[in-house]
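Q: Sequence:
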Amino acid sequence: MSRQSSYYQRIKQLRKLNDQFRANVVADAVCLSPALKFLPPEMIHDIIEQVKCFRNFHPLDARIDEHKLGFFEFRETMLYWHIEYRHPHLAEAPLDPTHPSTRRILHIGLAVER
195 MSRQSSYYQR
205 IKQLRKLNDQ
215 FRANVVADAV
225 CLSPALKFLP
235 PEMIHDIIEQ
245 VKCFRNFHPL
255 DARIDEHKLG
265 FFEFRETMLY
275 WHIEYRHPHL
285 AEAPLDPTHP
295 STRRILHIGL
305 AVER
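The opening position of the sequence shown corresponds to residue 195 in our numbering, with each subsequent residue numbered one higher.
Keep in mind that the hints were calculated from the coordinates and are not lab data.
Heads up, some of the hints might be wrong.
[Said to hold, decoys possible] Listed below are the simulated PhoX-like cross-link pairs for lysine-lysine, each with C-alpha atoms no more than 20 Å apart in a straight line:
no.	residue 1	residue 2
1	K210	K246
2	K210	K231
3	K246	K206
Make a model of the complete structure from these sequences and hints.
A: Below is the structure:
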C-alpha cells in the first residue's frame, strides 16, 4: 500500500470514528465554552442535537477531512464544535487517535472564540 493510500485509509477511519462519536455523544464527553455554559438546558440540548446531525464539511480543510471540526449557525449566532483526542486518563494526547482506548471530547463554543 502506498503512503498516500495509507494516509487516505487513516482519514477514512478517523472520519468514521469521529462521526460515530459525534452522533452518539453523551453529556460527560461534551465541554461547553464559558459563553454557552449558562444557557437554558433546552437550548444546550438543541445545540448538541444540531452538532450530532452536522454534515456540512468543507473538503479543503485537512482537519475537517477527519470530521473533527465544524461551524454552524444556531439562532443567528455562529458556533463551532471540534473533537479533541485524549489519552484514556486525560493526562496526555494519544499517539494514535484511531486506537480503541482514545477518549474523544466534544468542545462547543462561539465561533468568535475559536
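Q: Does each hint hold? Answer for all of them.
A: Checked hints:
Using a Cα cut-off of 20 Å, the hinted pair K210 and K246 holds, with the two alpha carbons roughly 13 Å apart. With a C-alpha separation of about 28 Å, the suggested pairing of K210 with K231 is violated against the 20 Å cut-off. For the hint linking K246 to K206, the alpha-carbon distance of about 19 Å falls within 20 Å, and the restraint holds.
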